Structure formats: C-alpha cells, structure tokens
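Q: This is what each chain is made of:
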Amino acid sequence: MNKTEDFISLEHVHKSFAGVHALNDLSLTIKKGEIHCLAGENGSGKSTLIKVISGIHAPSEGVIRIGDKRLKRLTPKQAIALGVQVIYQDFSLFANLTVAENLALNTNLAQNKKFVSWKNVYALAREAMAKLQIDIDLNKEVGSLPVAQKQLIAIARALMFNARLIIMDEPTTALTGKEVQVLFDIVRQIQKDGIAVLFVSHKMREMLDISERITVIRNGIKVAEGPTTDFDEKLLTYHMTGQEFTNEKYMLEVDAKETPRLEAHNYCGKGFQNINLCLHKKEVIGITGLLGSGRTELAKAFFGMQKDTKGQLLIDGKQVQLSSISEAIKNGIAYVPEDRLSEGLFLSQSIKRNILATTLDSGDSSFFIDKKGAAERATRMVAEIGIKTNNPENPVNTLSGGNQQKVVLGKWLLTNAKILILNGPTVGVDIGSKAEIHKRIRNIAQEGDLAVIMFSDDIHELVHNCNRIIIMHKGEFVDEIPARAAEENDINNRLKELV
Amino acid sequence: MKLHLRSEFIIGSVLLLAMLVIGTINPAFWHLDNIFNLLRNNIVIGIMAMGVLLILISGGIDVSFPAFAVASAYITIKLVVFWQLPGVLLPILMSIIFGALFGLINAFFVAKFKMIPLIVTLGTGGMVRGFLLGFVGTSMININKMPRPLIDLSKLEIFSGLNADGTHYGLTVLVLFYVFTALAIHFLLKYTMLGRSIYALGGDPVSAERAGFNIPGIQTFIYCLAGALAGFAGILHNSLIWLSNPRDMMGFELDVIAAVVLGGASIFGGKGTVLGTVLGVFMLVLVKNSLIIMKVDTTWQRVVVGVIILAATAITAYRDKKTNA
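So the sequences go chain by chain: W and B.
Sequential numbering of the first sequence, starting at 1, is according to the numbering used here.
Sequential numbering of the second sequence, starting at 1001, is according to the numbering used here.
Among the hints, a few may not be true.
Pair by pair, the computed Cβ-Cβ distance ranges are [said to hold, decoys possible]:
#1 B:L1122 - W:K32: 53 to 61 angstroms
#2 B:V1304 - W:V20: 54 to 62 angstroms
#3 B:Q1301 - W:A18: 34 to 42 angstroms
#4 W:N120 - B:G1217: 48 to 56 angstroms
#5 B:R1210 - W:S16: 18 to 26 angstroms
These are computed hints drawn from the structure, not numbers from a lab.
As the structure is a computational prediction, the values presented were derived from the model and not from experiment.
Ideal placement from N, C-alpha and C gives every residue a C-beta, glycine not left out.
Construct the entire structure; sequences and hints are all you get.
A: Shown next as structure tokens:
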C-alpha cells in the first residue's frame, strides 16, 4: 500500500475501560480525501474510536501513525492542529447566538483572541459560507433554523480549521430523505478539496450510497473492511450483528366472518377524514405516507389524543368513543410513541418502574400498591421481551435505544391490550435490536391475539412485518397492498407519485 | 433579528407609553425634580441588576446579592468608622473587595462542585446575613456616625435647580457611577471573548466545553464580579440614604431579578443585554414610584413585582418558543 496516500492510521489499538475492552487490536486507515464509513451497532466501539482519533481518549496500546510520525496518542489540541474535526450528533452549536457568531466563535477562541471585532466575525462567517457555497442569513439565531441548516453550519464551522478529516457522527438521524441527499452532495464537494470524511453510521443504505470504503466493527473488533463495492445490505447486516436475518414476510389468512378487533367507518378528525378500516386479531398492518399525510394524527386519535372525532369506531363489535387517553387504555388500546424519549419513558427512573408505569392503578383492585406482585410482573416482563440489563433497578437511560424501545413495549403488554399502535417502532434503533423487536411484535400478535397497527416511514420494515400495507395521503387511505404483492421499490415509487 | 422583535424595542416602547400616560395624568411627572429622583432610584437596583444579568446569561441565578451588598457596605462602614479611614475611594474599594470575596464563595460551590446556583446562593445569602447580625452588629449606623465624605459624595450634583417654591433639587453624581458601570458591562459582554463565552455557556454548556472554553474559570469570574457589583451597589446605597442598616434590602432580590427579566434576559440563560436591563430597571422603578404616588400599600407593591416577573417570563418564554419552533 502506498503510505503517502494515508492521512491517519491506527495500528493495533487497544482501549479498555475498567477491564472491559472497548477497542481490541483495532487497525484502521483513512486515506487522504476519501469517504470512509465506520459501521457498527450501538455499543460496538464506534464512539470510543472517534474519541481516540480526536484525541479525547488515549489508547492503552497501539500506535497512531500520521505521515512519518508514530505517536502513542493524540491530544485534542494536536488532533485539531492536524485537521481532525468532529461533528457531533447534536452539532454542538449555540442556539442563542447568531449564525455569524457560531461560525466564528471557535476560530476566535482557538486564536486566543481576547476581544471581539464584529467586522472580523462577519468576515470569518462569510468565508466559511463561501467555502461550502451556501447562503444562510448571518444575523439569524441558530435556534430558529431547521436541522438541516444547523448541520450545514456545523460543517462550515469544521471547515474553518483547515480540516483534513471530518468525522460525522450519525449525521442523518434527524434529516428527511431530501436533506440526506443535500448532505451527500456537500460531503462529495468537501471531498473534492482533498478532505477525508469519516461517516459513522448504522444506516446501511446510506453507507452504501455515500462511501468508498467501509470498515465494520463489532464489540470493539474490526470484523470487515474493504471497498464499498464488496458489500451489500445483507453482508453489512451480517458483519454488524454477527447473525443472519431471514426476511420472511408476515402472511396471514384472516377469517372474515370473525368480529373484527377494530372497525372504523367514515372516521374523521383533525388531519384525516373518511377513514374506513377493518382490523382482525393477529393482523399486523402498516400505515405509511409522506410527511403531513395525517398518519401521526390518526395514530394519536386512535389513542384518544383527539377530542372531536366523527364517524364510528368499534372495538370487538362494540361502539366506542375514544376522547381521552385513559378511555383508550380502558378499551384495550396500547400506544408506543414515535419519540419514546419524550413521550413514553421516565428516563431517570428504573426499568422496573417504567414497565409498571401504566399498570400500577389498573393491575390492583385495592387502594394500595401490591409491591411484591408488581415486582414479579416486572421481572417476568424484562425476561420475556429480552431487555439486556444486569439489573432491572437500573435507570432506563442506561439502556441502548433498542432496549429502551423494548421497555416501552413491555409496559404496554402488561396492560393486556387488544390493539397495539406502534408509531415509528424502530426509529433510531440498530439492526440487531430492530430484528428482535420485529420478532417480538409478531409473537405478540400471534400469541396474544393482538391487532397491531404499525405507523412507519421505513418501507422495508413494513414490507417484512405487515400482512397488508396502507398508504395515506392528505388524510385519506389511498392505497392498500397485501403482503404477497408488497415490493419495497414499488411502494416507494407509489409514494413518490403522490408528491 | 428584526427590530420590532427585539425585546429592547418592546420594553422601550412600553416604557415610553407608560411615561406618556403617567405624564398626561399628572404633568408634574415631567418636572426635572421628579425625573432626577427617578434616576436616583435607578442607581442601586441598576448596578446590582448588571451582576444578575451576567449570571442569568450564563444560565445561573443569584439570590444572595442583597445580602452581600448589605454585608459588604456595613462591614466597610464599621471599619471606616473604627479606623477613622479618610475619603470615599478607599471605602468604595473595600466594599467592592468584600463583595467579590463573598462572590468567591458562590463561585467555589457552583464551579467546583457543579451545584445548582439557586441552592448555593440561597445558602450563602442566608449565611452571610446571619453572620453579619451575629458577629458584626445589629444596630444601624445613622447619620451622626456615618463617615462624612460618603454623605457629601451623594450631595454632589451634576445638575441642579430651584423649584417654583424656592426648594432645591438636583441630580446626584452617583448616577455617573451607574452609567459607567453599565457601559463597562456592555463592553465586556459585547466586545470581549470572555463576554461572549458567558453567552456560549448559557446557550449550551456541553458545546461550550467542547469548543474549549474554561467553564469553571468563566463561572468564577462572573460570580465574583456579581459579588463585587453588589458590594459597590451596597456602599452607594448607604451613601445615598446616609445610613447603614444591617437589616436592609430584605426581598430586594425579587425586584432586581424582575427588572432584569423585564429587560428581556432569559431565566434559562443565553439571552440578555445591558440596554434591555437598563430599560427594565427604569420600568420597575417607574412602576414602584407610581404605586407610591398613588399611595398603594407596600404589601401590594410586592404583588405587582411578582406579577411583573410572571408576565415578563411568560412573554420571553413565548418569544423563545416562537423563534425556536
């Protein structure tokens, strides 16, 4: 290999925290001006690796080679001087300051300035914008900008430091499909200036799209490496998780004579109208649609979060009016929200308490809480849905995203629900946990006689887990596709035609 | 940001409107005698407000400064009387230094132990008041014991004139102290990296740390400076009222915080300007002054100040919600 092409190499790097290997004999080379993907599940050691490259962590063993220099470790200052810049998931911007100041502040600080010349601030900011060929109002407060523009500012700021390598940590998490494309264009543009980009992600399609080379790590060990053309989704999944996942569709013959679990006739509300739906037990249906299609409103209405809905709603043949959450729960509806962090969990409370949160008052008939019974139920549920923890008394925020989602799921399963509504069930969850959550959902539907409605953007997820998929547009159901006819590309095309 | 959205513009307009209304009802309002008196009442609250502004911008809060102001000034004047110290410069410097030292206690707990500023300053404020009464003294130092130079200082006037009935009025030179303090803080906040770092810290502490700001250093600086400003305000207060009372300024923190929030500073940190604070202080003084003229009971004045805090906070919260939507 031609070593002058390399920008930075880690050679046999080890890093352990309190005896646990976070990185184990890991070697990684990033060439000058390449787009390199670092793939791995949550907890695989990705963040530790970023911190070693950016100088925050010193490796316990191994060498970092830059040009002719062989170093034991980097300090943050050295890393910045070498041109290493990290763009964190939250962008590290100051929402209360203007665009101009955000762009210039770090440079001024690095130059050890004592006073602020506002002329200089604007000059620096304009320079940063020019480098990226973007144009954002310099006087706007960053807090008022959309996520995609914030990201551009974070990238522009990183470029101010003669960057040679920009590390992007999960950069597409909060972006829409279109914005991801804009980001990719920018990344390619940066590359033309000879700057390398390390793209840290667990989203396979994006990695295969953007990168030239991929390194996959799992449990701190490098498991695969090579040009992107050597990989496909299946292989990446296998390397990242160490397991093969069979994508079997969920086929189900529904007995039409049976009373449906949920029936809707001309159901109307804010954001949706004329909804007709017939949902039987054991069914898992998927509802998708573009942003603003009304699916979130519908999901929330089913959970009693809309007061004035019109039309008929029947559960097990009995007419119901769901005008509050407690009524929805009483009628056997369970809801797992899109944003589990703000809507579904008490993060600092224990796993056990979270699981019990919705059942404490319905599980017991007496005035006092049956603590022992409750604890047993919680422990059983932790085991049943496979939450990975060594102690259910740990707070929920110690769990990974996938396991947090399982806690939400478990919480609702205890309510003996009849209808389970999942809104974006695997947003931000890595593949391994995703597959596990999908498996649980199927089992629950089968064994618990549940009817499941899955609202999701992830067509792949819907195709492989739902026995039929409904497309929503402008508040109405416009298309229905049975599982055997469902094709990911076909559905994506149908969605595109709706724009 | 657009001019009409800036809180300084809004508070300025409201202030002007209020003055026009009061002036129409009672034309005596516009008389220089009254205006000078209003300005005089701005000095002490205003200087303390500058300290509170710094701390609010950084994302903290301070309720200890009235205690620090009273303690610094009272100890200073006791020492001045005891040692027969001359002049005004030395006492003022002493009070500022005492204030800064008190501020250092806050800084120690906030910066070193990362404790919540509200709890820290509640504790230090109460402690300092207790020590003052327990160890330094409980009795007032009144006009016949007060150091003459301090009294004479407040009598020095920039402008003066005679009322129609022959009585004298004037604008005390201490107003200039307030003006210079405000200008200095404005310069600090707007044109120094240290000032911008306070905004950065209040906006996002994690990002500020990643950017390489020395957070404990910044916190130590602002809590000491706020203490020093309290000490400064305390001695000027005693100079203006010609006495020093160790039980003074009870409940003052509410007034000052109300004025700062009224001036557009965010309780959640990251936002606030000197101009806004100056206007907020003037507004508060105007309201309280009008209440006194209307012979509203002092207990009801507290209600009004409370309402001002709630209303101003609600408005700024609404503003932040709109711009950050």
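Q: So, for every hint listed, does it hold in this structure?
A: Going through the hints against the structure:
no.: 1; hint: B:L1122 - W:K32: 53 to 61 angstroms; in the structure: holds, 57 angstroms
no.: 2; hint: B:V1304 - W:V20: 54 to 62 angstroms; in the structure: holds, 60 angstroms
no.: 3; hint: B:Q1301 - W:A18: 34 to 42 angstroms; in the structure: violated, 59 angstroms
no.: 4; hint: W:N120 - B:G1217: 48 to 56 angstroms; in the structure: violated, 24 angstroms
no.: 5; hint: B:R1210 - W:S16: 18 to 26 angstroms; in the structure: holds, 24 angstroms
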